[in-house]
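The listed protein sequences correspond, in order, to chains A and B. So the first sequence is numbered by this note's numbering: it starts at 3 and just counts up by one. So the second sequence is numbered by this note's numbering: it starts at 3 and just counts up by one.
Since the hints were made in silico from the structure, they are not lab data. Incorrect hints may have been included.
One copy or any two copies: either way a pair holds, since identical chains are not told apart in the list.
To be verified - Mimicking SDA-like on lysine to any residue, the simulated pairs with C-alpha atoms at most 20 Å apart in a straight line are: (1) LYS42 x GLY155; (2) LYS42 x SER53; (3) LYS119 x GLY29; (4) LYS40 x GLY155; (5) LYS42 x PRO154; (6) LYS116 x SER170; (7) LYS46 x PRO154; (8) LYS169 x GLU27; (9) LYS166 x GLU27.
Below, each chain spelled out in residue letters.
2 protein chains.
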Amino acid sequence: MKVLFIIGEEFEDIEVLYPFYRLIEEGFTPVIAWKQAKSKVEGKHGYAVTSDIAFTEVRPEEYAALVIPGGRGPERIRNLQEVKEITRKFFELKKPVAAICHGPQVLISAGTVKGRKLTAVSSIKDDVIAAGGEYVDDVVVTDENLVSSRHPGDLPFFASSLIKQLKSLKQ
Amino acid sequence: MKVLFIIGEEFEDIEVLYPFYRLIEEGFTPVIAWKQAKSKVEGKHGYAVTSDIAFTEVRPEEYAALVIPGGRGPERIRNLQEVKEITRKFFELKKPVAAICHGPQVLISAGTVKGRKLTAVSSIKDDVIAAGGEYVDDVVVTDENLVSSRHPGDLPFFASSLIKQLKSLKQ
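Only chain A is shown next, with the shape it has when bound in the complex (with noise of 0.2 Å):
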């Protein structure tokens, strides 16, 4: 099964990390999806990764679930609107999607946050609060297929629903 990630450049590089060594080691195939397919895209700390495809490329269909990694990677992509659409189609199909600190901004750009208990940075609060969204204070958050944590501090549980979203998809 394929899991969607969704970058902007200066992105929190271990929330794009542990995720996506994370679903590896549980045989799942993370797939980066950046503004230009095999690009070179860098965190904020210097890491680096290679884009997969181009968000014009990407057919949700066909991944199990989408995650949205923090750092400025999400203030850089959250307007684009094959961004917007990709994520609005992953509520849609109800598929697991999992935003950790500044990632829940491109939710609410999406429109996805009215009505939805989660969690963020704490720094968005009230953006989150503003979008509609129930902002609650935690390691992780789940309300159906969202899951949302605050900080990498917290990604061990973010993790760790995450997965469980996707092995209960798998039975």
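The hints should help you fit chain B onto chain A, whose structure is shown.
For chain B alone, coordinates are given in the frame of chain A:
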């Protein structure tokens, strides 16, 4: 169960953070040792961790396993007598020792490589061989209690092998 990390300045960030969070995910307690206790130590990519204890305070008997991450950290600590003694003690007690990338530099200085199969970053392959080790080029190499990998891309296999060893101890 506690798992000891021995780190040095400019460690390879992801090689500390991935196993650190991964062990938390599995219910283990990672403990970070450095030259001084309660000190901020920075990785080469700028992620910082806080040491829990000083090398001189470590009692290997209290830990289930030892993790030696790579980067520039191993060169900073490999000549310290207490680091060599800690490392040798884990081997004497036949407890799992997991070393990645430049981590085996510490094993070489501790004199624990001779006659063992292991891997490491390819740039220190000749040192591993000169120290009497059998260098194997694979994502992860397990030789009794010793688990080793080459670089960050091997982390999913490194972590799962370490966790497998830890779980077998629990039984």
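Verification of the hints:
1. LYS42 x GLY155: between (26 Å within a copy, 16 Å between copies)
2. LYS42 x SER53: within (6 Å within a copy, 33 Å between copies)
3. LYS119 x GLY29: neither (29 Å within a copy, 26 Å between copies)
4. LYS40 x GLY155: Classified as between; 18 Å across copies, 30 Å inside a copy.
5. LYS42 x PRO154: Answer is between: at 17 Å across copies they meet the 20 Å cutoff, but 22 Å inside does not.
6. LYS116 x SER170: Close neither inside one copy (25 Å) nor across copies (46 Å); limit 20 Å.
7. LYS46 x PRO154: both (13 Å within a copy, 17 Å between copies)
8. LYS169 x GLU27: both (13 Å within a copy, 16 Å between copies)
9. LYS166 x GLU27: both (14 Å within a copy, 12 Å between copies)
In summary, the numbered hints that this structure violates are 3 and 6.
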